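**Q** As they're listed, the protein sequences go chains A and B.
Each residue of the first sequence is one higher than the one before, counting from 20 in my numbering.
Each residue of the second sequence is one higher than the one before, counting from 20 in my numbering.
Just so you know, the hints here were simulated from the structure itself, not pulled from any lab data.
Since this is a predicted model, take the numbers as computed values, not measurements.
Don't take every hint at face value.
[What the hints assert, rightly or not] Which stretches of chain B does chain A cover? Using the computed rule of at least three CB atoms under 8 Å from a CB of chain A, they are:
| no. | segment |
| --- | --- |
| 1 | 87-95 |
| 2 | 288-294 |
[As the list claims (entries may be wrong)] Covered by chain A, per the in silico footprint, the following chain B stretches (three or more residues, Cβ under 8 Å):
| no. | segment |
| --- | --- |
| 3 | 216-222 |
| 4 | 244-250 |
[To be verified] Okay, the calculated beta carbon distance ranges per label pair:
| no. | chain 1 | residue 1 | chain 2 | residue 2 | range |
| --- | --- | --- | --- | --- | --- |
| 5 | B | Pro138 | A | Gly59 | 53 to 61 Å |
| 6 | A | Asp165 | B | Ile267 | 22 to 30 Å |
| 7 | A | Gln213 | B | Ile267 | 17 to 25 Å |
Glycine included, each C-beta is placed from N, C-alpha and C at the ideal position.
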Amino acid sequence: MSAPLLLEGRDLSVVYRRSGGLFGTSSELAALDHVSFTLGAGETLAIVGESGSGKSTLARAVLRLVALTAGQVLLRGEDLAILTEAELRARRRELQMIFQDPFASLDPRMRIAEILAQPLRVFEPALNRAQRRERAAAQLAGVGLDAAMLDRYPHQFSGGQAQRIGIARALIAAPSVLVCDEPVSALDVSIRTQVLELLAEQRAKRGLALLFIAHDLAAVRFLCDRTLVLYRGQIMEQGPTAQLFAAARHPYTRALLDAALIADPLRARRRTARPEAAPARLAEPSRQGCPFVSRCAQQQPRCSVERPALRNVGGLQVACHRADER
Amino acid sequence: MRCVMSLILPPVAAMSEPLLRVDGLSIHYPGPGGPVAVVDGVSLALERGRILGIAGESGSGKTQLLLALLGLVPGAGRVTGSVRLNGEQVVGAPDSRLQRLRGDRVAMVFQDPMTALNPQLRIGLQLTEVLAWHRSLKGARARERATEMLASVGLAEPALLLERYPHELSGGMRQRVMIAMALLCEPDLLLADEPTTALDVTVQAQVLDLLGELRDRLGMAILLVTHDLGVIAQVADEVAVMQGGRIIERGDVVGLFAAPQEPYTQRLLAAARRLEIPVGVPA
Ligand SMILES: Nc1ncnc2c1ncn2[C@@H]1O[C@H](COP(=O)(O)OP(=O)(O)O)[C@@H](O)[C@H]1O
Ligand code: SF4
Ligand SMILES: [Mg+2]
Chain A
20 MSAPLLLEGR DLSVVYRRSG GLFGTSSELA ALDHVSFTLG AGETLAIVGE
70 SGSGKSTLAR AVLRLVALTA GQVLLRGEDL AILTEAELRA RRRELQMIFQ
120 DPFASLDPRM RIAEILAQPL RVFEPALNRA QRRERAAAQL AGVGLDAAML
170 DRYPHQFSGG QAQRIGIARA LIAAPSVLVC DEPVSALDVS IRTQVLELLA
220 EQRAKRGLAL LFIAHDLAAV RFLCDRTLVL YRGQIMEQGP TAQLFAAARH
270 PYTRALLDAA LIADPLRARR RTARPEAAPA RLAEPSRQGC PFVSRCAQQQ
320 PRCSVERPAL RNVGGLQVAC HRADER
Chain B
20 MRCVMSLILP PVAAMSEPLL RVDGLSIHYP GPGGPVAVVD GVSLALERGR
70 ILGIAGESGS GKTQLLLALL GLVPGAGRVT GSVRLNGEQV VGAPDSRLQR
120 LRGDRVAMVF QDPMTALNPQ LRIGLQLTEV LAWHRSLKGA RARERATEML
170 ASVGLAEPAL LLERYPHELS GGMRQRVMIA MALLCEPDLL LADEPTTALD
220 VTVQAQVLDL LGELRDRLGM AILLVTHDLG VIAQVADEVA VMQGGRIIER
270 GDVVGLFAAP QEPYTQRLLA AARRLEIPVG VPA
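Let the hints inform the model, and build the full structure from the sequences given.
**A** Structure (structure tokens):
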């Protein structure tokens with residue numbers, strides 16, 4: 020048998036119970052609905068979808084920041100749910116996270132030196148103060164910032180710099196998996212490539228695996244080996260990134276691709292209408308049938324009654340009744 | 020020459036006057052070592068039915084420029100130069116006049132719709148209040164107009180929407196409601212500050228298509244500010260690149276994207292293109 024995968028999610032479901040409906044009723048929302056994925060050492064998997072599709076819920080479920088309704092998260096083959104607190108703490112080190120809003124995730128009252136020293140206090144309690152500061156300085160240099168910035172506060176940095184600090188804080192724990200929840204969405208386009216390049220560089224240097232969450236496909240193409248497309252908590256399509264971009268079979272993936280901006284006015288305007296864009300309506304779609312049916316221009320009668328299973332079509336896994344027609 | 024013109028022209032729109040004309044506009048804030056310019060000698064003109072994109076990174080002064088066009092620069096900021104809308108001077112105009120202008124002839128949409136929507140009030144009330152204030156339109160007629168406007172920005176079930184509160188809507192729907200609110204009085208000029216930055220790509224595409232359509236249908240002029248050259252490529256007719264409070268390069272959008280002259284513009288464009296997806300659109 021081959022070595023266990025670094026990280027695996029098996030049939031993950033997270034159901035939120037929402038209270039406070041019109042008559043004090045509560046309803047259930049499957050934010051994550053039977054999603055499975057694998058991640059090998061040094062590999063990068065993209066999780067893509069519109070807001071509300073369940074991407075952050077997946078990230079939080081992996082980090083055990085939210086309780087799973089069903090399913091298992093395995094780290095090197097070990098189920099995280101059955102570990103003791105102490106064992107879990109040791110594994111936590113291996114799983115680190117960076118967030119979309121770099122400022123919101125940095126305590127404004129702490130200097131950068133303290134922000135970077137915090138993970139070391141937890142994971143390397145033997146270090147003394149001077150050693151922690153030394154490590155923090157080295158880590159800051161590692162993400163392209165000057166060690167002289169250690170004594171500054173978060174508000175003294177630009178968005179791109181603050182995100183580098185967030186990356187430094189995650190890396191200082193020496194994780195094997197970095198969960199990145201939309202790490203460049205809040206940054207100017209001109210800064211995004213710099214941050215993506217930093218992630219690529221750190222991945223190469225440390226053999227890091229990345230679980231990279233994005234609503235924007237552009238960042239994904241830059242960085243990720245495989246891509247998994249989520250809609251309403253379910254996998255619509257997944258496969259090798261290059262193939263998915265060249266020959267997506269799911270109408271939802273194609274809608275995401277069609278909507279991507281092109282920095283060329285002539286080509287941008289030559290695009291056709293976008294039938295699969297989100298309709299601006301209040302109604303929730305029914306729970307049976309294809310989750311995408313209310314927006315799908317390819318739909319057939321069976322689409323509203325029969326939920327398509329994820330199946331292999333031409334090297335991709337696609338959940339669409341009509342996947343093999345193209 | 021320009022100064023002479025503004026002296027001899029009456030304060031009503033002359034045929035030769037563009038809808039918006041900005042001349043030598045600067046905004047200074049007090050700094051530790053004296054006043055600091057956040058907008059520095061900006062001049063531009065915008066005709067009816069045109070979309071001008073202002074491209075620049077965070078902190079380049081884009082939003083301050085838009086605020087000055089509405090007379091909304093915060094108290095500490097000192098505005099100099101000239102902003103003429105339909106021939107009427109905005110810089111130094113009395114508050115009462117500016118309040119009429121906003122929403123009536125000029126409207127603004129923001130990155131975050133919640134800055135324009137009141138979370139406590141139903142959508143319908145927020146829209147009809149605008150009509151009561153600017154158009155003295157009340158009751159059933161105001162509701163009818165509000166419903167029409169929601170439909171025209173691509174919102175399904177507009178009558179139902181009037182009864183909802185902002186938090187009951189998705190981000191994309193709120194953005195549309197804010198645009199509908201801005202359009203209620205059919206302004207001549209729409210100022211849009213990163214109107215799609217917080218949206219999903221699919222919704223972004225729709226909102227940009229909507230702006231283009233409104234320009235075509237209503238002959239509205241749009242000033243669109245964004246850090247994303249992809250947004251400008253999609254809808255703008257003309258583009259001005261802003262850096263450190265100045266416009267460093269401008270031109271029609273096709274020409275400028277084909278042959279940017281300034282190294283800074285070239286850098287911005289290269290960054291945008293590195294992240295571009297090779298979608299199936301012929302070159
Ligand atoms: N704590 C919560 N309670 C109830 N619903 C939630 C909670 N967190 C997220 N949701 C809902 O779960 C769905 C998925 O959310 P999320 O994982 O944040 O999506 P994404 O990250 O893709 O935008 C959304 O409909 C969201 O409103
Ligand atoms: S299953 Fe039907 S509705 Fe769903 S994506 Fe495929 S064609 Fe569209
Ligand atoms: Mg999220």
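**Q** If any of the earlier hints don't hold here, list their numbers in rising order.
**A** The structure breaks hints 1, 5; every other hint is satisfied.
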